[in-house]
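Construct all of the structure, not just a fragment, from the sequences and the given hints.
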Amino acid sequence: MDLLSLVHIILPLLIVVAAGFAVLLRDLISCTIALAAMSLLLSLEFYILHAPDVAIAEAGVGACITTAIIILAISMTKREEDER
Amino acid sequence: MSEMSKIVRSISNLLLPFILIYGFYIILHGHLTPGGGFQGGAVVASGLIMVLVAYGSERFASWVKEKHLSILESVGALGFISLAFLGLSTAFFYNFLAGKGGLFGDIPPEGSNPGALNTAGTLPLMNLAVGLKVIAGLASIVLVMGLASHYFRQEEKNDT
Chain V
8 MDLLSLVHII
18 LPLLIVVAAG
28 FAVLLRDLIS
38 CTIALAAMSL
48 LLSLEFYILH
58 APDVAIAEAG
68 VGACITTAII
78 ILAISMTKRE
88 EDER
Chain F
8 MSEMSKIVRS
18 ISNLLLPFIL
28 IYGFYIILHG
38 HLTPGGGFQG
48 GAVVASGLIM
58 VLVAYGSERF
68 ASWVKEKHLS
78 ILESVGALGF
88 ISLAFLGLST
98 AFFYNFLAGK
108 GGLFGDIPPE
118 GSNPGALNTA
128 GTLPLMNLAV
138 GLKVIAGLAS
148 IVLVMGLASH
158 YFRQEEKNDT
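Note that the protein sequences, when read in sequence, are chains V and F.
Following the working numbering, the numbering of the first sequence begins with 8 at its first residue and continues without gaps.
Following the working numbering, the numbering of the second sequence begins with 8 at its first residue and continues without gaps.
Do not rely on the hints blindly, as some may be mistaken.
Listed below are several chain V residues computed to face chain F (Cβ distance under 10 angstroms; list not exhaustive) [what the hints assert, rightly or not]:
id : residue
1  : ALA58
2  : PRO59
3  : ILE63
4  : ALA66
5  : GLY67
6  : VAL68
7  : ALA70
8  : MET83
From chain V, some residues computed to sit far from chain F (all C-beta separations above 10 angstroms) [to be verified]:
id : residue
9  : ASP9
10 : SER12
11 : LEU18
12 : VAL23
13 : ASP34
14 : LEU42
15 : ALA44
16 : LEU47
17 : ARG86
18 : GLU88
Since the hints were derived computationally from the structure, they do not count as laboratory data.
For every residue, glycine included, the Cβ atom is placed at its ideal position computed from N, Cα and C.
This is the structure we're talking about:
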């Protein structure tokens, strides 16, 4: 097994871990950072799948602009999630 | 959103020119390398949004008016569609500048080459128009969201 196929296995697992953090964390700012990390890893995955066009768009829109919009929305509500 | 600390503001001042140059590089090399109008515009807009988050939306709105962003977006759309209509004597979206010499009119050399920038006719101009539209659109979305949150917080303060 060469290095690239190893990366093809590890990177989707990291994406799933980051998405799980985004769902499970209580602090909403931490959730947003986890979502940005997931977006960045997803753009890396697009790059190793030979789609650099999509990777640049994902890194610009997903990791930066979406994060800024979500943080602006959180600043209008409260930071912590309610206890269930 | 209120202003952030001096460290954040200095770092955003330092990083802004590099992000802008990288974004415009992606836009102008859209016909040669991966990327193009949308991708480069998103990179430039993310640089502007970094400044907005660092300095607060009220101060950013005193530098960049929402009206000016709206005008820039209209200029991008009108430039794209008028470039498409200029080639109408042959066909809609006809590339009337390619291979004529002059602006973006060189014929690219055969075989693998390092990338001749002055080629491809109307495509770089259309990339530039799409880039302007994407920059203005994405920046105005976040600017309006920041100003609205500021407005509603003022209103809550007045109520209590």
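Query raised in the report: Which hints, by number, does the structure contradict?
Result: none
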